[in-house]
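Trainee: Protein chains in written order, with our numbering: chain E, 1 to 340; chain Y, 1 to 340; chain Z, 1 to 340; chain L, 1 to 340.
Incorrect hints may appear among the rest.
Note that identical chains are pooled: a pair holds if it fits in a single copy or bridges any two copies.
[Claimed, not checked] In silico SDA-like pairs for lysine to any residue, Cα to Cα no more than 25 Å straight-line: (1) Lys184 x Tyr199; (2) Lys181 x His46; (3) Lys259 x Ala42; (4) Lys67 x Arg4; (5) Lys184 x Ala39; (6) Lys184 x Leu270; (7) Lys67 x Ala258; (8) Lys67 x Gly31; (9) Lys181 x Leu246; (10) Lys67 x Ala134; (11) Lys184 x Val136; (12) Lys67 x Val136.
The hints are simulated quantities; they were obtained by calculation from the structure and are not laboratory data.
Predicted, not measured: the structure shown is a model, and the values here were computed from it.
Listed below are the residues making up each chain.
There are 4 protein chains.
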Amino acid sequence: MTVRVAVAGASGYAGGEALRLLLGHPDVEIGALTAGGNAGSALGEHQPHLLPLADRVLAETTPEVLKDHDVVFLALPHGHSAAIAAQLPDDVLVIDCGADHRLNDPTAWDRWYGGEHAGAWPYGLPELPGGRDALVGARRIAVPGCYPTVSSLALAPALAAGLIDPEVVVVAVSGTSGAGKALKPHLLGSEVMGSLSVYGVGGAHRHTPEIAQNLGRAAGRPIAVSFTPVLAPLPRGILATCSAQLTGGGDEVRAAYAKAYEHEPFVHLLPEGRWPTTAAVLGSNAVQLQVTVDPDLDRLIAVGAVDNLTKGTAGAAVQSMNIALGLPETTGLSTVGVAP
Amino acid sequence: MTVRVAVAGASGYAGGEALRLLLGHPDVEIGALTAGGNAGSALGEHQPHLLPLADRVLAETTPEVLKDHDVVFLALPHGHSAAIAAQLPDDVLVIDCGADHRLNDPTAWDRWYGGEHAGAWPYGLPELPGGRDALVGARRIAVPGCYPTVSSLALAPALAAGLIDPEVVVVAVSGTSGAGKALKPHLLGSEVMGSLSVYGVGGAHRHTPEIAQNLGRAAGRPIAVSFTPVLAPLPRGILATCSAQLTGGGDEVRAAYAKAYEHEPFVHLLPEGRWPTTAAVLGSNAVQLQVTVDPDLDRLIAVGAVDNLTKGTAGAAVQSMNIALGLPETTGLSTVGVAP
Amino acid sequence: MTVRVAVAGASGYAGGEALRLLLGHPDVEIGALTAGGNAGSALGEHQPHLLPLADRVLAETTPEVLKDHDVVFLALPHGHSAAIAAQLPDDVLVIDCGADHRLNDPTAWDRWYGGEHAGAWPYGLPELPGGRDALVGARRIAVPGCYPTVSSLALAPALAAGLIDPEVVVVAVSGTSGAGKALKPHLLGSEVMGSLSVYGVGGAHRHTPEIAQNLGRAAGRPIAVSFTPVLAPLPRGILATCSAQLTGGGDEVRAAYAKAYEHEPFVHLLPEGRWPTTAAVLGSNAVQLQVTVDPDLDRLIAVGAVDNLTKGTAGAAVQSMNIALGLPETTGLSTVGVAP
Amino acid sequence: MTVRVAVAGASGYAGGEALRLLLGHPDVEIGALTAGGNAGSALGEHQPHLLPLADRVLAETTPEVLKDHDVVFLALPHGHSAAIAAQLPDDVLVIDCGADHRLNDPTAWDRWYGGEHAGAWPYGLPELPGGRDALVGARRIAVPGCYPTVSSLALAPALAAGLIDPEVVVVAVSGTSGAGKALKPHLLGSEVMGSLSVYGVGGAHRHTPEIAQNLGRAAGRPIAVSFTPVLAPLPRGILATCSAQLTGGGDEVRAAYAKAYEHEPFVHLLPEGRWPTTAAVLGSNAVQLQVTVDPDLDRLIAVGAVDNLTKGTAGAAVQSMNIALGLPETTGLSTVGVAP
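Turn these sequences into a full structure, and let the hints steer you where they fit.
Mentor: Now the structure itself:
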């Protein structure tokens, strides 16, 4: 079986990463590549690392160009997916790397993104409780945000097992590619290198309600999430430090994490004493996790690392595609990082 | 008045930064420079940025070499200062950039550093409540650790004003120079660049009891500190994100911070809407702070940035020297960073 | 004597660096700060490292705002200085950090920059033969380009002494701040970090004729310059590797360099066996040089390092101001870098 | 057909990259993993990115452990391969990632490496004239050095076609992983980040005679190579700028390069106007090249980019293995980089 896949937003970072992975997927044929302002130019001008596709010319992002494919990846700015998706046939698998269809709560959408909500789609994080079932046979999938992916996986086992209080603190440090190719002064290399900064502090970051939604689902009750993102000088990678008060002793913590992920191909609880690094997951679909207890505070500390563009975006999209189409879940994906 | 200053450990990062600042201090004459394994070699081989001192030859670190100075900076590995200091005359101002004399509690010393405690000295963080008075006329000063400096300044006003609960969460991201010039695999450039990592998780980092000591002094009661340090790919700078539950509404928060630091020459509460970056304080003695309230959680979030080698180490040493000797506190120090 | 200085283009990198240096200059009072698109906003929004000036509001760049000063620094895009300068009084010292007045040859101007040439001004590189004399008492000064500064100083002694052939090869690696704050995709942090690239290859870079002009002046005959700039992932610093065939043996090389710079406060020929690094000159006005001979090829290799924003731009501007006004040449400038 | 491969030196950078590629090679089964000082520990402690092999324990590097494999990769310090290889059966394919068997000239070996020469092996750069034939059926292969790979490919077509003079200038900028995991002060992250430096200047770098050997073979006469390596702050990647005087006009240059590499799967001459970047080849086996002529100097400028660990070391090793064993040359290798 060969699946024909179109990528809308092929000149951006999410689209480029999707293409990098799809080029290595044995069951995929890459179809239309589209863009907004870059339509008409060769992909090689924007993605020089995708040599086999360098001469492909970008089409305009329209339903007509996209519709005759088995799968359409939408890697568009937030708010642009719903209108396109509505014009694609129901039997086309549409995978939205943007935020449009992640949140269940229209009020939350309006508060953090603004405007009318396009409705939630099956959520592409199969490692959450019940997550995989929702994707089997799906034809519309919302790819999780990068911060929610690692934060949710780092805390869900403890919440699902009732081991921690429903107030969690997440401070996640990220490379710059999560912000996309937008031309903003604070994203210039001269500003980023040699500097650390924060943004979206105090619950203002749009990923806050998405983390809360995931954790609430895992816990079966509302979870209060204090989320602070930090920008650091590297292109890729997120390291999330997550903590919460234990409800009891910490004896069951490690077993709960080990059990939660024992059959997961991409989520790895490291041996005791080793801690995740983003370099170890660069370009891979793996999540590396470690968990410990602060003995003075009876507080759980869970740390996770992902590549924000791979497992944090495009890898999750491919993984979800595999599940939806009944392909082996790991096809075209790797747990081997590119390091050093 | 000219003060003659010796620097022990002149080939390391703390010693080098001390010399960089002392070269710009109008009242200082630089005396003996000493080292351990690097004794006998020229400073220029180790600190090529200190051009005016490039031909100075490093002596062995001995009391004899150091004693005939007005001030001695000790920038030695932890545990090496006490023995040297004990052999220096009482009227020599000894400023220890190491940890030997920071902690009041011998039990804490033994647990986090090991061995017998050498006793606490006046603590070189004048911006803490009562901190400045303890330094006037002092002849022994313990320079704070880099993480405790920024974390304590970010949380002390809220604790002193009773605005937050006595449980705080600090996640601080640091450049690599805080780890010194030790030849360890994880500090190699190839490992550091492109990666984020954690260490000392779960209360294991030695700066945890020092932060708790400072915050306890500010609050007047014990403070539980959850501290997680993150290593990021930049040479200098610490960005600390600190949070805690508010005891009441957040209305008094900003005023408390503004009042705490209104007369401080080096601690700057930024205007609302601007957030600290480490680039803005590179090479300067400034601390940039911002504080906000998460309205959904009634949680205070305070963020601070320092240069770990300047205000976080050698700048604090010079500032403390100035106070101890009755010089204007800001002499030889700057609030202007080197950016971009 | 206090000199009142205005800075036009205060929100850019060259303007910011000029202000950083001027804040430490004991004879300077900082007057008007102007900008183009950023006029009306506070300097602190653009240059958060310049804390003492954070609340200063940027004025529009007009002759009226600038004229009532002793000195005006122009840190404007290329092509914008001439019109402003023409409307400033003759007795105001105008220092142009842009390229408008560097080239003597109108044809070269037209080829590399385009349009009519505004005419050459005294050139702010006092370390070139005859360079200092041209600046004494000057009221119009053209600050050299960053690449020409280090490349010219690295090769001039050998050319002036007739030790090398008139064909030189310069490959210079630079940080990103030399490109300014322009919002271009290839300058985004995500693109820069982890990558090396070339630009302006084959004589296309605008600094090529400026290097040739300087070297021709030193040699007393035309010099053919092969110049290739490389962009590397760091904010500041240029390392230039320069080579040429020796005309004779290499015995006189070191002596020629030592003699050329023996009285220069900012140009340092390193001891044999040590090589320049850009970290050693970060934020300083120093140039570090080393020179050797490839014994198999009878070829001279000279390597120089500068901070492109300091000695490569704003430091040269301050140094030239000092000379022009009769102040000690090193006032407000340092040979001490900020490292690591 | 499944090939059983052992890797000696599995805890280093070259060995780790070999394993990363071999994990993706469909015809390879990974056998023994050995190390020197790290023998006895788990691979996951040293190579956390190689998740599928994390629990494998490293054996001592001995002939006994290595001999029962179809292929042995030696990723050992220079000078250690010959003794091991001499004790491995003749029909085992031994691929040496070190320098021991690269140079034909014992005098050159003694001068640049020291000691007795172990003799040259077939050279693993199939894209050089005649290079592929030498590898078919070989059972001993010397993997080229990283700098020689990109420098030779960038200049060979012009030399083979007689288009340039026999004196070439190569300045190549490299990331830090080429220096390996050696614990040297100048390789610490704090020293590397934010800095550019040179080393091995004036013909002192060991890759100089290897480049000359390759270019001499391509040209059919001796070539004088001026080679200067520059260290830049990134983990991986080499960008080489190479230049030489044209013997005639430059009209034939592009055609010569296009023809030389038209059938090569890994060497890509970019379309005119695009220039290589190291980010575009990160983790891939591709070489990106561009060539132009400086019209004022009649000088050829060729620029190439490779990942020093992939095409520059371990990718070349896998490519050579494929050729030697009669597998399709591109098996297990990619031309798709990991960017941004």
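Trainee: All hints are to be evaluated individually against the structure, with a verdict given for each.
Mentor: Hint check results:
Proximity of lysine 184 to tyrosine 199 under the C-alpha cut-off of 25 Å is found in both arrangements, the shortest distances being 14 Å within a copy and 22 Å between copies. In this homomeric assembly, lysine 181 and histidine 46 come within 25 Å of each other (Cα to Cα) both inside a single copy, at 10 Å, and across copies, at 21 Å. For the homomeric pair lysine 259 and alanine 42, the shortest alpha-carbon distance between copies (23 Å) is at most 25 Å, but the shortest distance inside one copy (47 Å) is not. Taking the shortest Cα distances, lysine 67 and arginine 4 sit within 25 Å of each other inside one copy (11 Å), while across copies they are farther apart (46 Å).
In this assembly of identical chains, the alpha carbons of lysine 184 and alanine 39 lie at most 25 Å apart whether taken from the same copy (21 Å) or from different copies (18 Å). In the homo-oligomer, the alpha carbons of lysine 184 and leucine 270 lie at most 25 Å apart only across protomers (21 Å), although the nearest pairing inside one protomer, at 37 Å, exceeds that limit. Taking the closest pair of Cα atoms, lysine 67 and alanine 258 never come within 25 Å of each other, the shortest separation being 42 Å inside a single copy and 38 Å across copies. For a Cα distance limit of 25 Å, the shortest separation of lysine 67 from glycine 31 inside one copy, 11 Å, qualifies, whereas the shortest one across copies, 47 Å, does not.
Proximity of lysine 181 and leucine 246 under a CA criterion of 25 Å is satisfied in neither setting, with 40 Å inside one chain copy and 38 Å between copies. Only within a single protomer do lysine 67 and alanine 134 lie at most 25 Å apart by alpha-carbon distance; the minimum there is 24 Å, versus 51 Å between protomers. Taking identical chains as interchangeable, the C-alpha atoms of lysine 184 and valine 136 are never at most 25 Å apart, the minima being 39 Å within one chain and 42 Å between chains. Taking the closest pair of Cα atoms, lysine 67 and valine 136 come within 25 Å of each other only inside a single copy of the chain (21 Å); across copies the shortest separation is 48 Å, beyond that limit.
Hints 7, 9, 11 from the earlier list are contradicted by this structure; the remaining hints agree with it.
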